[in-house]
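For the sequence shown, the numbering used here begins at 42 and goes up steadily by one.
Please keep in mind that the hints were generated in silico from the structure rather than gathered at the bench. Quantities reported herein were computed from a predicted structural model and do not represent experimental measurements. Please note that the accuracy of each hint is not assured.
[Said to hold, decoys possible] Derived BS3-like pairs: lysine-lysine, alpha-carbon spacing no greater than 25 Å straight-line: (1) K148 to K118; (2) K119 to K71; (3) K151 to K137; (4) K119 to K148; (5) K54 to K66; (6) K137 to K118; (7) K66 to K50; (8) K50 to K71; (9) K137 to K119; (10) K151 to K118; (11) K137 to K148; (12) K58 to K71; (13) K54 to K71.
[Claimed, not checked] Here are the computed distance ranges between Cβ atoms for each label pair: (14) M42 to V102: 37 to 43 Å; (15) V45 to V96: 35 to 41 Å; (16) R136 to G56: 33 to 39 Å; (17) G114 to S70: 25 to 31 Å; (18) S98 to E131: 28 to 34 Å; (19) M42 to T150: 28 to 34 Å; (20) D115 to E52: 21 to 27 Å.
Just so you know, even glycine gets a beta-carbon here, dropped at the ideal spot from N, CA and C.
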Amino acid sequence: MVRVYILQKREIKVGDKVAGRHGNKGIISKILPRQDMPYLQDGTTVDMVFNPLGVPSRMNVGQIFEMSLGLAGDLLKKHYRIAPFDERYEQEASRKLVFSELYEASKQTKNP
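Take the sequences, apply the hints, and build the full model.
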């Protein structure tokens, strides 16, 4: 027997389940207009808000590193491609990269 699954692209709606690559998952509970979403100092609105209690309870600090590096990359106009298990190259390699890039981004925003 062969099973075929068909993907359908559609807008996200309340009740949809979303998951990240770090084991975090959740249900869409509310969708707000962009003007009602939290925003950064420069006025950029966020796309999604996660419950911060999900990080320590699931021990998935990787999502924090990924999000932080994404923010730094946006500010520095850089893209990053990190190989899995990059600690084989150097101890704490991911952490060092994230912190160094966040430091560079903080100098640009004058918000150390």
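Hint-by-hint comparison with the structure:
Restraint check for K148 and K118: satisfied, since their Cα atoms lie roughly 14 Å apart, inside the 25 Å limit. With a CA separation close to 32 Å, the supplied pair K119 and K71 exceeds the 25 Å bound. Between K151 and K137 the alpha-carbon distance is near 21 Å, which keeps this suggested pair within the 25 Å criterion. Note on K119 and K148: the hinted pairing holds, with a Cα-Cα distance of about 15 Å set against a maximum of 25 Å.
At roughly 15 Å between alpha-carbon atoms, K54 and K66 fall within 25 Å of each other, so this suggested pair holds. Pair hint K137 plus K118 holds up; C-alpha atoms about 19 Å apart against a cutoff of 25 Å. In summary, the hint linking K66 to K50 is supported, as the alpha carbons are separated by about 19 Å, within the 25 Å threshold. Restraint check: the Cα-Cα separation between K50 and K71 comes to about 20 Å, which is no more than 25 Å; the hinted pair holds.
Distance check on the hinted pair: K137 and K119 sit about 17 Å apart at the alpha-carbon level, within 25 Å; holds. Between K151 and K118 the alpha-carbon distance is near 16 Å, which keeps this suggested pair within the 25 Å criterion. The hinted pair formed by K137 and K148 meets the criterion: a straight-line CA distance of about 17 Å does not exceed 25 Å. At most 25 Å may separate the alpha-carbon atoms for a hinted pair to count; K58 and K71 meet this at roughly 12 Å.
Note on K54 and K71: the hinted pairing holds, with a Cα-Cα distance of about 8 Å set against a maximum of 25 Å. Between M42 and V102 the Cβ separation comes to about 41 Å, which falls inside the hinted range of 37 to 43 Å. Between V45 and V96 the beta carbons are some 37 Å apart, a value that agrees with the proposed interval 35 to 41 Å. Distance hint for R136 and G56: a CB-CB separation of about 36 Å, consistent with the stated range 33 to 39 Å.
Between G114 and S70 the beta carbons are some 28 Å apart, a value that agrees with the proposed interval 25 to 31 Å. Judged by the Cβ atoms, the range 28 to 34 Å given for S98 and E131 holds: they are separated by roughly 30 Å. Between M42 and T150 the C-beta distance comes to about 56 Å, which lies outside the given range of 28 to 34 Å. Here the CB-CB span from D115 to E52 is close to 24 Å, well matched to the stated 21 to 27 Å.
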